[in-house]
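Peer 1: Chain by chain, the residues:
Number of protein chains: 2
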Amino acid sequence: MDKRFYFTTFLAALIALGIGISIGHFAIGKQQTTNSVKYERLTRQTDAQNYEKFISLVQAKNIEANLKDLTSRPHMAGLPEDLESAQVIEERWKRDGLQVTKPKYNILLSYPDNNKPNRVTLTTTDGTIIIQTEGVEKAYDPTQPKTVNPFLAYTPNGTVSSTKLFYANYGRLEDLKHLASIVGNASLQGSIIIMRYGRIFRGDKVIHAQYFGAVGAILYNDPADYAPFGTTPDQVYDQKWFMPPSGAQRGSSYTGNGDPLTPTYPSTDYMYRVEEGTISSLPRIPAQPIGYGEAQVILKYLQGSEVAAEWCGTLSNIRYRYGGVLLNKSSIEVKTYNRLERKDTYNVIGIMKGDIEPDRYVVIGNHRDAWSLGSVDPTSGTAAMLEITRVLGEMAKNGFRPRRTLMFCSWGAEEYGLIGSVEYVEEYVKVFGARIISYLNLDVAVEGNHTVDIKTSPLLFDIIVEASKLVPSAYDPVGKTVYDKWVDFQWNNVTNEPKIAYGLGSGSDFFGFDQLVGSSNIDATYMFDHTYYKSLSSYALYHTSYEVFAMMKNFIDPNFTAHRTMGQLMGVVALFLSETPVLQFNVSRYTIALREAMNNLKPNNPEALDPLRQAINDFGATANDFMRRSKLIDFENPFNIRAYNDQLLQLERAFLNPLGQGGDYTDFKHIVFAPAKGNKYAASGFPSVSDAVANGDSTEIDTEVAIATYFVRGALSTLKEFDNFFS
Amino acid sequence: MDKRFYFTTFLAALIALGIGISIGHFAIGKQQTTNSVKYERLTRQTDAQNYEKFISLVQAKNIEANLKDLTSRPHMAGLPEDLESAQVIEERWKRDGLQVTKPKYNILLSYPDNNKPNRVTLTTTDGTIIIQTEGVEKAYDPTQPKTVNPFLAYTPNGTVSSTKLFYANYGRLEDLKHLASIVGNASLQGSIIIMRYGRIFRGDKVIHAQYFGAVGAILYNDPADYAPFGTTPDQVYDQKWFMPPSGAQRGSSYTGNGDPLTPTYPSTDYMYRVEEGTISSLPRIPAQPIGYGEAQVILKYLQGSEVAAEWCGTLSNIRYRYGGVLLNKSSIEVKTYNRLERKDTYNVIGIMKGDIEPDRYVVIGNHRDAWSLGSVDPTSGTAAMLEITRVLGEMAKNGFRPRRTLMFCSWGAEEYGLIGSVEYVEEYVKVFGARIISYLNLDVAVEGNHTVDIKTSPLLFDIIVEASKLVPSAYDPVGKTVYDKWVDFQWNNVTNEPKIAYGLGSGSDFFGFDQLVGSSNIDATYMFDHTYYKSLSSYALYHTSYEVFAMMKNFIDPNFTAHRTMGQLMGVVALFLSETPVLQFNVSRYTIALREAMNNLKPNNPEALDPLRQAINDFGATANDFMRRSKLIDFENPFNIRAYNDQLLQLERAFLNPLGQGGDYTDFKHIVFAPAKGNKYAASGFPSVSDAVANGDSTEIDTEVAIATYFVRGALSTLKEFDNFFS
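Residue numbers (the UniProt record's numbering), protein chains in the order written: chain L, 1 to 727; chain P, 1 to 727.
These aren't lab readings, by the way, just hints derived from the structure by calculation.
Each statement offered as a hint is correct.
Treat identical chains as interchangeable: a pair holds within one or across any two.
List of simulated lysine-lysine pairs, BS3-like, C-alpha gap at most 30 Å:
#, residue 1, residue 2
1, K53, K397
2, K343, K720
3, K455, K240
Model the full assembly from the supplied sequences, consistent with the hints where possible.
Peer 2: Pasting the structure below:
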């Protein structure tokens with residue numbers, strides 16, 4: 001046989017061998033492939049299209065429909081409407097594919113008697129009535145369902161009267177102190193004190209008056225703060241969104257948070273209750289809000305010297321006076337018919353389970369209860385939240401699975417003292433502490449149409465800025481983003497970045513997460529132009545019966561694009577937090593925030609701050625080192641992702657006080673960030689370094705600086721390398 | 001060309017193709033392989049040989065040498081020897097390859113005046129001294145270095161005397177109550193009370209006496225509890241390991257934990273201190289321990305009726321009486337020269353960094369300070385711990401890397417009130433809370449040579465049993481394991497498993513981890529035979545100057561195999577916890593432990609326990625469901641490992657009170673597990689359901705049952721599926 005035979009055979013074999021090798025190598029998978037694919041899936045970045053898709057799917061008209069429906073019925077806490085509205089949310093979320101539960105708490109609430117309005121009466125010595133307040137706001141729309149009359153929840157029922165009436169401006173501690181310095185402490189005893197709304201929590205006004213010896217208190221909304229363009233019909237509701245003469249702000253006077261009967265613990269069936277009489281955070285004197293039209297008549301009877309300029313409101317034909325014995329020895333009476341009642345309230349919790357990290361939670365929440373129809377507070381937030389879940393539900397139907405668990409909460413009984421959210425946090429504080437990433441609060445989503453206003457943990461600053469660049473601004477040219485709007489109206493020219501406030505404090509449902517769980521949270525609202533509406537402390541019709549759909553539609557957000565922007569922005573922030581394998585918290589932001597907070601403190605003895613200053617410097621160095629190291633970590637290793645993210649979560653937890661709720665100081669934010677709520681010398685509220693500084697109590701300063709230093713050093717240790725946290 | 005040509009060519013090609021495919025598939029690696037190998041490494045089981053290797057390398061002779069060296073010098077807290085001994089440990093651990101730090105705390109300590117011994121004096125009316133105590137123990141070995149005289153740390157200096165002396169048995173609250181019922185409360189006022197050691201913490205004896213009106217207290221070790229075979233020289237030290245006539249137990253009388261000046265917070269330089277006068281957990285009356293030889297003389301002067309049988313000790317020629325006015329109106333005086341002093345103390349912390357989960361800690365610790373030479377307490381533990389680190393260091397030199405971080409702690413100032421460990425925990429409580437798996441306490445490693453005795457969290461029960469099957473028992477035939485010994489001497493015939501006690505309580509450095517961090521912990525010791533030495537509450541020479549090396553060598557562990565067993569057992573448990581990717585905690589054990597604890601409660605009204613009973617039933621069902629689900633989890637996914645382990649870690653954390661240290665109830669263990677420390681009606685200690693039951697206070701019972709129920713339900717929620725914890 002010739003050579004060609006062998007050669008051809010050999011050649012064929014050679015080629016076949018090559019082909020075979022190729023097939024074997026490229027065409028046939030290996031067992032490991034499945035593993036490595038699984039492995040890569042665990043650490044893969046999310047598809048950025050998910051963010052764009054979410055933004056594009058949020059519809060203003062849906063949010064408008066949500067608001068219209070939700071504000072068609074009253075839904076005050078503890079009443080049958082509370083459960084009905086909970087069921088509406090429950091059904092919607094089930095339709096969106098969420099797993100839904102409806103936990104119930106039995107709590108202490110407070111109601112007026114709608115057949116017997118609470119009244120304030122001014123009478124002459126011979127018994128002639130000068131004025132008796134209506135106790136009911138004027139109805140502009142006969143078709144509007146009847147809602148609760150103005151009252152101050154948790155103030156006792158009863159009748160008190162006095163021939164002494166004083167005016168104490170905003171009822172701040174410094175206001176009462178100033179008043180006492182003018183008229184003398186003694187003369188305040190047994191008096192009734194009238195104060196205007198604004199600046200601080202209404203409950204503290206009443207407690208302050210009680211603390212200074214008053215037997216009753218009256219609150220009203222002065223036009224200076226709630227009707228900036230005058231009180232003529234053309235300048236107030238229902239022609240404008242400002243307070244009309246008979247309008248009065250309802251609200252709670254309870255200075256605590258959560259069910260007053262179960263401090264620290266959840267209001268479950270098995271839990272014990274404290275005795276009502278022992279609750280110092282409930283006022284003991286009758287108090288009632290009235291319209292400024294009625295206040296105008298009463299203030300005319302004030303005697304005493306005229307007040308300083310900054311105490312003056314803008315009621316016409318009134319000389320604001322400190323007061324004392326009433327003109328012509330007439331007497332003033334406050335008569336209330338409030339009652340305390342144990343009631344059930346409901347939270348609605350909807351879950352979209354995480355695909356890769358189901359035990360990490362990103363939570364969006366808002367309360368559901370409103371004093372009246374609540375078209376701003378809280379339903380603008382709920383209307384937007386329902387559109388967020390609708391869109392995510394739609395994306396889920398098309399295959400989207402969040403990396404981490406998304407959780408949506410509709411809280412009950414917030415208006416009474418954040419009760420629904422605080423009880424829930426108290427019940428699950430350990431689980432949240434170990435697992436939650438952030439709580440995003442969407443209470444008053446829209447109270448204006450100018451720009452987005454945000455309070456946040458410093459850690460989330462960068463994430464919010466990133467999100468603001470993706471979301472269109474409302475009532476602005478196409479293409480203009482929330483970020484662009486900030487450049488025009490909310491810009492820090494020194495740092496060349498948006499002005500975003502650090503620290504949340506209290507006042508809405510973020511409290512439990514911020515102060516008890518210690519997560520890194522956000523509270524956001526679409527705001528009116530503060531530079532134009534200088535004197536407004538909030539939207540004027542806050543907690544009145546005029547918070548109706550038409551008010552929102554006619555005066556605030558006619559085409560609901562402000563609502564849309566809020567839904568898009570909060571939704572995208574939530575997705576950033578749920579979808580990014582490695583959390584993008586910027587720890588150096590905390591250094592800046594701590595330094596700012598400290599620099600606001602001006603003690604007589606500057607050395608008092610030295611330990612805190614040193615701790616913050618050390619924190620800054622550690623934070624920088626952490627950022628440097630984070631660039632060297634192998635983030636293809638899931639354990640590294642988890643360990644790194646957990647350090648970021650632990651950072652904010654470190655500011656919780658180990659004394660827990662048993663301590664004087666709930667957390668660092670009350671010691672340095674937020675001098676908000678009065679001080680230890682007051683009848684209520686937390687002390688803070690700022691208050692100690694203000695009161696010049698050096699022992700108090702040293703104590704609080706030491707604890708603040710402890711928090712900063714604790715936070716610092718969470719950022720250290722794991723074999724090095726103790727050095 | 002014939003067909004054979006084509007056929008051969010085809011055949012050759014076919015074979016070559018096959019070979020090629022094989023080469024391609026099997027011989028040539030792919031890119032994914034690296035990833036998948038890395039991935040498999042993260043979830044791979046540790047090599048079981050590591051456990052055997054560790055056990056085989058632990059040497060008794062090394063531990064003996066450690067003990068001999070460490071007990072050659074006194075090392076009392078706050079003195080220069082404290083720092084010296086810390087440096088010895090530091091050097092050893094550096095040699096073992098650990099990363100070592102030596103954190104320092106400035107704390108309040110207490111010392112006697114070694115030039116002026118504290119004395120008790122009995123005098124006749126004419127001033128003749130009947131007896132004045134030596135204030136010094138008899139020295140049997142002239143070469144032994146001088147150590148501190150007997151005293152009660154933190155009792156004030158001063159001189160008190162009375163003509164009334166009472167005997168109050170063990171000084172328990174019930175003992176004082178019984179005494180008062182016999183002699184009347186009034187007559188106790190201004191008296192001095194003598195009590196015998198044993199049963200409860202000595203500090204509570206003093207506080208109880210003070211609470212019942214005594215102006216001074218005397219403690220002594222009755223032979224009934226410390227010299228069971230009589231007091232003749234041949235039956236006590238230095239011929240036996242029992243208490244000789246002049247021996248007296250030293251110790252702290254501080255009923256709190258951690259530096260008395262910095263409750264809740266670490267005793268760092270920047271931290272504020274409370275005023276010494278305000279510390280209720282420090283006794284206000286002078287008190288002194290004396291030898292039973294001296295007590296025997298004094299007790300002869302007691303009058304009043306004879307005590308009940310169970311109050312009688314075994315001092316010869318003594319009729320134990322309740323007391324009253326002393327015989328012949330003689331008077332008794334307690335004169336002490338103690339002083340409080342701010343001192344520095346040191347912890348030594350050694351770290352072997354984890355390879356895969358560096359942010360998870362397995363901690364082994366023991367205190368370093370001793371009242372005298374401390375050959376049992378605490379140095380037997382330190383001697384064993386140093387052998388554990390030596391062996392791990394050797395294994396590390398041969399390539400062993402722990403999966404998780406191993407942490408070793410030598411605590412300062414434990415004898416004064418667990419101060420070094422509590423201050424450290426207070427400084428890093430958040431970091432530990434997030435990261436620690438378990439704390440293994442190795443204080444008194446060896447106080448007998450009979451068998452291993454363990455207190456543990458229920459979660460670790462199965463792990464300890466597994467380890468006990470690998471470790472040889474001491475003073476037993478070759479091949480007999482710790483487990484085998486338990487089968488003989490420590491067996492529960494009902495459950496057919498070893499008797500291991502659930503719950504730790506307080507009394508050594510595990511306190512901070514158990515009560516403030518909430519990790520799942522172990523406390524272990526090699527114990528004498530309780531059934532034979534019935535009356536011994538601890539080893540007889542506890543806290544005397546006779547705790548010397550020779551005592552251990554001659555009477556307790558001649559060949560140090562008991563020490564070796566403890567080193568092997570604790571080391572292997574630590575390795576199980578650090579090397580097993582999926583933690584082997586058995587959550588159903590907690591159901592059993594909770595049920596046992598509850599069944600020990602017998603309230604007059606059994607329904608009072610219904611909420612707790614229901615919660616424990618629900619916990620049991622959830623625990624079973626958790627075990628079932630755990631079999632379905634893909635543990636090749638690192639996120640699943642981490643999430644599952646975290647649930648196990650969170651379970652025990654759930655029993656910490658959200659009131660933190662600010663609350664009445666530190667944690668569940670004080671509410672149901674450990675009625676240990678008196679009750680709210682006493683001068684000190686925590687209330688507990690058991691105490692409430694004992695005192696029949698139904699409001700108190702309801703309150704505590706509610707909180708206990710809250711803890712159980714909180715623990716239950718940590719075991720739920722992540723989208724389901726709230727239901």
